[in-house]
Amino acid sequence: MTTTTAAAASDSSRWSAVFHATLVPVLLVLAWQAWSMTLPANSPAPSPSRVVAAFVDLVATGGLVQATLLSLGRVLVGFLFAMVVGVGLGALMGSNVRIKDNLDPIIESFRPIAPMALLPMAILWFGTGTAPSLFIVAYAAFFPLLLNTIHAVSRVDRKLVLAGMTMGIPRPRILTKIILPAALPGVLLGARLAMGVAWTAIIAAELAVGAKSGAGGTSGGIGQMMFVFYAYSIDLNGIVVCMIVVGVVALLIDRIFRFAEHRLMPWRHR
Amino acid sequence: MPTTPDDATPLTAGSPLAMSLEEAEGDTSKAELDKATPGERARWSHRRWFVALRSFAAFIGVWYLMFLWNGNPIQLPSPFRVANAIWQLAISGELLEHASISTTRLVIALVVATLVAVPLGFVMGLSRSADRFLDPVVELLRPISGIAWIPLGLFIFGVGDVLPVFIMVYVAFFPLLLNTISGVRNVDQRLVNAARTMGVHGWPLMRQVIVPAALPTIMVGFRLAFAGAWAAVIAAELIGAPSGLGFAIEWYRQLLMTPKVFAFIVVIGVVGYLCDLALRALQRRLTPWAEGMGLS
Amino acid sequence: MNKVTSKSKLKLQNVSKQFVAPRTGHKTLAVTGVNLEIQAGEFVCVVGPSGCGKSTILNMIAGLDTPTSGSIEMDGVPIRGPGAERGVMFQDYALMPWQNVHDNVGFGLLHGTPGKGFNPEQREQRIRQHVEMVGLTGSEKKYPHQLSGGMRQRVALARLLANGPDVLLMDEPLGALDAQTRLILQVELLRIWGETLPREERKTVIFITHEISEAVFLADRVVVMSNNPGSVKAVVPIDLPRPRAEAVRAHPVAEQIWGMIKDEAYRAIA
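Which chain is which? The protein sequence lines are A, B and C, in order. For what it's worth, the numbering used here labels the leading residue of the first sequence as 1, then goes sequentially. For what it's worth, the numbering used here labels the leading residue of the second sequence as 1001, then goes sequentially. For what it's worth, the numbering used here labels the leading residue of the third sequence as 2001, then goes sequentially.
Since the hints were derived computationally from the structure, they do not count as laboratory data. The reader is advised that the hints may include incorrect statements.
Said to hold, decoys possible - One side of the interface only, derived from the structure: several residues of chain B facing chain A at Cβ under 8 Å: (1) A1052; (2) A1148; (3) L1154; (4) I1234; (5) L1238; (6) I1239; (7) M1257; (8) T1258; (9) V1261.
Heads up, the beta-carbon is just placed ideally off N, CA and C, and yes, glycines get one too.
I would like the entire structure built from these sequences, with the hints used as guidance.
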């Protein structure tokens, strides 16, 4: 195959890929638009055209960007806190079976308790501002970080540890110089999962806090924005805009973390 | 909630046995556990029970101390008041009522999600073109968490039974779908080849080779779906349902009857734990050959 | 039925196979110019250094792969795909892990073409016969993960024979066994194949191995292949009386065959 025909072949396969990737979504959006146009003009139902208009409007004057950044900020703070506690405790539990055996029953008992179940108590403790949302996010992010760190640390190849011991390296050093770097892939996986869960948790928390505190609550954030659109301004197009933003941010977070994983650990085939 | 097959590490579904520095020096390891006699195993599990009980006792002790130190019985009720509240709710039947409502919704949602996601997963796993067309839609919807659908869902369905089920179906759908696709795609080609050389094609090939081979991964997806749905139901009931465990928590918070709030939180944990145990047992029954594959 | 029967059971004419890597387009010539005629009732062994294409040829005869050029015929009819008349025994047995010994042995009978023409009782009887033939009576309810390597191999053999193929294609079936079990099973294999029967009553066998002594012990003819690209170097007849004595393993012809592939084998590890 000459280079030109090879290039042409890959061009056509790229077009084919684009076609396949966009056909069904485009058809669905068109169908949605068509359906919405059969409704009376003052129907509150969302339509693609109105969603786009709402998006432009919200970015320009509605504080969409600010709300998103606020939510993201909370996620980051909660995540960092969860990381410190989760990775630290995970490293401890992953390397010391006795500690793990003792703490495991407690951890495993809390795991089926969804973050949102603690939200009412969080509101009781911290009021309706930023704090309960932070708490929920930290709680949500804690488990993936903890569990994946435990898993990663406990799966470190024993031979590496034994090699270190035969070289006379003291135990704390073994932890930091051998075990933690070897466990890094697993920890990063936990971080990626934790961020994903954290993002979902912040939306849920802001939604619920907004529902409990009414429009007067100044907690802000995308979640509360969505609730306000539902309960007060009945702006379904706004809700859809927020949903799309939630999805896009989730995707970005995932991609960024995967990229970081790929960069920091090129030896993994990710 | 992790929803992709490659996120389905053993972590999302159970606690692994850890290796410690002690183990590297020759302590009890899982391999030894497998070779233990029934008598030794009984003593091992008795020991685990003992450790668990001791940890719980310590936990309750710490809780009690914090309660005394805190001083506000509404903010942090004493563990004994909580235990009493659990008891009261149990005998009044309220506990069972809310728990069964939530669990019923969960079961309905999981059934619906399975009926939609698994066949679709087979189609997408076996047919390249179906996958190329449908995967973009799946990948576009997946990042939009089930929670984000609550406001729209509230508008469409109002406060009531349907909303939690809708949200749960949505949440359960993706892990089931993705794991089914993965399970189907990763069927050992050698087994398929072997069957073909015996003149097995078409539906018999599906039923006898592909479905059983994909089943372990699908089961993992089912457990992930359950975990996600159980979290989602609480959130959905908290915001938009007149009954169920999530509703009960919020209801009693508003009444400032925090022992009952805690009681229901405990119930949420217990039911979730029991269901996961049941699912793990189911997994062992349905796919006994998959034990050593790191899927439990 | 009027079938055109040529003299040979299997005929490979000028068979080549080229593999193209799906993503890079990189081409590998696995085998080239293979000409073989195998008679009915023959036991043919194929030996050669790794990578010489032994498995590739077997897969093509089995119908799991198609030649890039050339033709393969069985009884004068070109091979178009897999079929029960050409039974295969795979390197790692390919037993269905979710089925017990009984169901595995009966897999072809119960779900595929070999079972046509039998009623359920006949199928059961046939399954039982073959389980007994390989000496596994009493283990019918066991699952593959509960069996030793030697037992799994026997299940695979029973399954193969229960399907009543004309041609047995075996890809290093004894490769995963320890040396002692291997020697014992070679004798078993010959017995089950019926080495003392007249040729018309025996099945045709094509047996891949890298153990020259094994090939000499089992075969009527040994096809010696060479590497780079894979092709037939020589076909050595083994005119030793049957039933074969243990001493045959050390017969001079084994030395002769080794001499043919020794250089390539050394080059491979250089």
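Hint check:
no. : hint  : result
1   : A1052 : 4 Å, holds
2   : A1148 : 4 Å, holds
3   : L1154 : 6 Å, holds
4   : I1234 : 5 Å, holds
5   : L1238 : 6 Å, holds
6   : I1239 : 5 Å, holds
7   : M1257 : 11 Å, violated
8   : T1258 : 7 Å, holds
9   : V1261 : 6 Å, holds
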